[in-house]
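Participant: Residue-level listing of the chains:
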Amino acid sequence: MSEVSYKPVLVEPRALADLFLMVQADVRWAATEDAQDVSVTHIAPLDLACENAFAFLSNPKFREQLLRCRARVIALTATDFEWLQSQNIDATRSTFAICAQPYALFAMVAQRLYSPAAPEETSIHASAVIAPTAQIGQNVSIGAQVTVDEYAQIGDNVTLAAGVVVGRHVKIGANSHIYPNVTLYHDCEIGARCIIHAGAVIGSDGFGFAPTPQGWYKIPQVGRVLIGNHVEIGSNSTIDRGALTDTVIYDGVKIDNLVHIAHNCVVGRHTAIAGCAGVAGSTEIGESCMIGGGAMLGGHLKIADKTIVSGGTAIISDIKIAGQYTGIYPASTHREWERNAPLMRHLADLRKRIRSLQKNADDSSATQ
Amino acid sequence: MSEVSYKPVLVEPRALADLFLMVQADVRWAATEDAQDVSVTHIAPLDLACENAFAFLSNPKFREQLLRCRARVIALTATDFEWLQSQNIDATRSTFAICAQPYALFAMVAQRLYSPAAPEETSIHASAVIAPTAQIGQNVSIGAQVTVDEYAQIGDNVTLAAGVVVGRHVKIGANSHIYPNVTLYHDCEIGARCIIHAGAVIGSDGFGFAPTPQGWYKIPQVGRVLIGNHVEIGSNSTIDRGALTDTVIYDGVKIDNLVHIAHNCVVGRHTAIAGCAGVAGSTEIGESCMIGGGAMLGGHLKIADKTIVSGGTAIISDIKIAGQYTGIYPASTHREWERNAPLMRHLADLRKRIRSLQKNADDSSATQ
Amino acid sequence: MSEVSYKPVLVEPRALADLFLMVQADVRWAATEDAQDVSVTHIAPLDLACENAFAFLSNPKFREQLLRCRARVIALTATDFEWLQSQNIDATRSTFAICAQPYALFAMVAQRLYSPAAPEETSIHASAVIAPTAQIGQNVSIGAQVTVDEYAQIGDNVTLAAGVVVGRHVKIGANSHIYPNVTLYHDCEIGARCIIHAGAVIGSDGFGFAPTPQGWYKIPQVGRVLIGNHVEIGSNSTIDRGALTDTVIYDGVKIDNLVHIAHNCVVGRHTAIAGCAGVAGSTEIGESCMIGGGAMLGGHLKIADKTIVSGGTAIISDIKIAGQYTGIYPASTHREWERNAPLMRHLADLRKRIRSLQKNADDSSATQ
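Residue numbers (this note's numbering), protein chains in the order written: chain A, 1099 to 1466; chain B, 1099 to 1466; chain C, 1099 to 1466.
It is possible that part of the hints are untrue.
[What the hints assert, rightly or not] Partial pick of chain C residues on the chain A-facing surface, computed with a CB cut under 8 Å:
1) Ile1234
2) Gly1235
3) Ser1239
4) Gln1243
5) Gly1261
6) Gly1297
7) Tyr1315
8) Lys1316
9) Thr1336
10) Thr1343
11) Val1346
12) Leu1356
13) Met1394
14) Thr1424
[Claimed, not checked] The calculated SDA-like cross-link candidates involving lysine to any residue, where the alpha carbons are at most 20 Å apart (straight line), are:
15) Lys1105/A x Pro1318/C
16) Lys1457/C x Ser1430/C
17) Lys1457/B x His1444/A
18) Lys1404/B x Thr1310/A
19) Lys1450/C x Asp1349/A
20) Lys1457/B x Ser1463/A
21) Lys1316/C x Asp1349/A
Hint data in this document are derived by calculation from the structure and do not stem from the laboratory.
Since the model is a prediction, treat every value here as computed from it, not as a measurement.
The beta carbon of each residue, even a glycine, is placed where N, CA and C say it ideally should be.
Please work from the sequences and hints to get the whole structure.
Facilitator: Set out below in structure tokens:
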């Protein structure tokens, strides 16, 4: 591979004034020159930033990096800026954007800096197979080897990358971007400004079978998957269609890679679910929750708004009160684990013995 | 997205008499009219069912829903039907199908109701690439962008959806349905009436490497994956080919999404494996087992028939006796967890202290 | 499916002398005939090996199988060979290859035996879509329905199987093999002699969002994924591109199926990661580590070289000292678990009660 070293992705120089106008952030400037004249060509981490970079400090733990940082523009809080001024160093080489939420400001500027120019005309690759009844919006980009089935509706400015398969009657809202080899099953709906990463599968059958003496009997899965606006879904994640009713992912939800959402789940607005997590059937996750990586949520649960489930944690009953919930066996050396873990099966016995000792002690002191 | 509300998937009205004739279920009728005249157009949950719906009650917990249910036909047990009669309400608007297993009856009726009409003729999309030596059965449907390699054998009535890749010498039994973007590696065999969901990978190399001073040395994986009849495999699941012998999935097995089955595993008849579970190499799972979501089974294990492994549970030794096995750290608030979890590393010490206290108490009482 | 029985994959007979010359292993021969005359046609497990098979014994536990083994050649250690000689049986039907590491020898021989003959000329399927600016090396094989985007560089002897999507500016080193339906996002680099299995996704966006009052704000992910030489990645695994800097997988790393590596992770040389494991963002795993199946590593951690993380174990803090680390709740019957698991939430209380008892006992003995 290339030598491992920081290689910033450069774009055409963009005037800071324009970028900030777009993000409408509440920013105070500290600069030795007119901020109007400043322009940047890329984003960079504080410790590697060089000329023309836009960087940020949000965690005061890394304050020391300010002392050596050579970024053209640094977003930071007023507190961190005051600390820097107290250090008596020459900080005139950078322009400082002082704001309440440097990380959010950074995100907004970075998005504008790297937003691709919209393609100027509809581009549908000759190898794509588009059913005659499919409706294709304005300015849609369809890559090679794509398949769009009957009656699909593709909104304006949508991108379907190479190898995407769009089923019958699927609807995709405007400005959504579907990465390569994604499969969207029939009847599912994707909102506007969504991003679905490569290999994700939306709308496969839920895992529904009735037990019979002759084995499992499949329940037809006739619900859909409905996905709101501004949702992002990671690569190779899977969201199953509902059995009778729909599986619903509300606006602003962010789902990482290799996440499984089973049939009839509901995920509330602005909830984020990290990689390798799994949610069993019919569970309803509230709004603004954060589900950690590898967490497993059982079926038919209700999870309160603003709940945080730590990584690796299994949840098997409702969560009614917001807060952080954790349940992982803390790792130790294997030797230590071998000594302690078997006792997990004897905790009830240990408690019994303690009770018995206490009773004896109490009796003994009572008779003294 | 569309407004989130129940939107039943309707089919042409189907006469109940015909449907029940097909499923040959042992059903007693309670109806105010001749059941011969009843027809249904869809399935629906009890609480949302309306005119012409077929619904069921299998969990007595939801009995109350019967009181308001407007489904055309309701499958339920004799006990629940008696309860309903005792409620003194007008239940004449529905026809009742009284049977021992309402959920199984529902599954059977639903399957017949929604079984797609078989396409009338072979349909192979012009963009599909079929090797000249591949054998394609009668009435096969091959979608756009499909690849079928040399010597593959595709049985009658098989569907290969868009983007499927079928390797050399792969065999697929009659009536199987392979969803988009599935990859079947060379030499693997899929039985009849199987369903493989989008993005699943069958037959990738097992994870077999010999350690050497120069690093890992790959062991060629020359076994196959053999999959029986009536098996369903979820989206983006992976089943690795055997190293020397084969990985075998027997008849009637159901595997959910994002499940990993490693090389040389054997999964017995009618076993079900829920989403995000993983099975390490050479493990043999018996018949009619249920492996919960996110469960992890170690390598080279034998799991008895009819074993139930709870979700999120790690199994690291053989299970010789059927039953339910569980091993998850119960989640609590993070604060509570922080207080208790570190003590996991001191259980052996706690037991030692209890023993010492008991010894003292015993000594003390002996000397009194 | 085919009757389940051992069906060896045969190749043209290959002379043992040639094979061993290639692997340059330090082997002593014990044979009743000239080893020059021996040839083999396949590899096989000890217990199923028959005429013309090459087999090995590396675990003395299976020594007994030597007594009945009919393989043409058996690789084993001197100790095991001496044991066999002590058994007074006729072992003349096999040739014995006595060496220090029979498994490694087996791997090397097997690789040579099964290495496919290189295709003799460039083969690019007519349905593949190759951008005009892409650079294609010598002797490259490109399958059906493949897409190669602008400025991609494909090294000599590379195979891109059916349905692979190669993004802009991607580089793939010589002799690498990319299996069907893999997606390589723009700018990523794959080294030489790599194997990437079906459905894997390299370079999807990292899960990076800034929280704002209006919801999650996406951080553009402008780093790359850099993958070294001789790396193998399992089916449907995902490796995210870096946010600002790169995600780096060093030479010789082996990654199993359904593994998730988040943005900005670094995986050191010769580390192996088993199926269903997940690694959160910015974590650096050292060299020659072994991460077990389903293990979850938190973000921003540093894991020492040669660390072994057991399957199913969650790691949430740095590991500074090599060794094996474990943290799984040992499974028991569900009934036993129900009795013991709730006490996990009362460990701190149990310790308190033990302390109190000890204090009383100490006070009591002090006053006697």
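Participant: Taking the hints in turn, state whether each one holds.
Facilitator: Tested hints:
1. With a cut of 8 Å, the hint placing isoleucine 1234/C at the interface with chain A is violated, because the nearest CB-to-CB distance is about 16 Å.
2. Interface hint at glycine 1235/C: violated, since its Cβ lies 17 Å from the closest Cβ of chain A, which is beyond the 8 Å cut-off.
3. Look at serine 1239/C: its Cβ only gets to about 18 Å from chain A, farther than 8 Å, so that hint breaks.
4. About 5 Å separates the beta-carbon of glutamine 1243/C from the nearest beta-carbon of chain A, less than 8 Å, and the hint is met.
5. For glycine 1261/C, the suggested interface contact is upheld, since its CB lies about 6 Å from the closest CB of chain A, less than 8 Å.
6. Hint status for glycine 1297/C relative to chain A: holds, with the closest Cβ pair at about 6 Å, below 8 Å.
7. This hint holds: tyrosine 1315/C has a C-beta 4 Å from the nearest C-beta of chain A, less than the 8 Å allowed.
8. Checking lysine 1316/C against chain A by beta carbon gives a least distance of about 6 Å; that is within 8 Å, so the hint holds.
9. Hint status for threonine 1336/C relative to chain A: holds, with the closest Cβ pair at about 4 Å, below 8 Å.
10. Taking 8 Å as the C-beta cut-off, the interface hint given for threonine 1343/C holds, the closest approach to chain A being about 6 Å.
11. For valine 1346/C, the shortest C-beta to C-beta distance to chain A is roughly 5 Å, which falls under 8 Å, so the interface hint holds.
12. With a least beta-carbon distance of about 6 Å to chain A, the hint placing leucine 1356/C at the interface is held under the 8 Å criterion.
13. Using the Cβ-Cβ criterion of 8 Å, the hint placing methionine 1394/C at the interface with chain A is satisfied: the shortest such distance is roughly 4 Å.
14. Among the interface hints, the one on threonine 1424/C holds; its C-beta lies about 4 Å from the nearest C-beta in chain A, closer than the 8 Å criterion.
15. Between the alpha carbons of lysine 1105/A and proline 1318/C the distance comes to roughly 15 Å, so the proposed pair stays at or under 20 Å and holds.
16. Taking the CA atoms of lysine 1457/C and serine 1430/C, the gap is about 34 Å. The hint is violated against a cut of 20 Å.
17. The straight-line distance between the Cα atoms of lysine 1457/B and histidine 1444/A is roughly 19 Å, inside the 20 Å bound, and the hint therefore holds.
18. Annotation: proposed proximity of lysine 1404/B to threonine 1310/A holds, straight-line Cα distance about 14 Å (limit 20 Å).
19. Between the alpha carbons of lysine 1450/C and aspartate 1349/A the distance comes to roughly 48 Å, so the proposed pair goes past 20 Å and is violated.
20. Of the supplied pair hints, the one linking lysine 1457/B and serine 1463/A holds, its CA atoms being roughly 18 Å apart against a limit of 20 Å.
21. For the hint linking lysine 1316/C to aspartate 1349/A, the alpha-carbon distance of about 14 Å falls within 20 Å, and the restraint holds.
Violated hints, in rising order: 1, 2, 3, 16, 19; the structure is consistent with all others.
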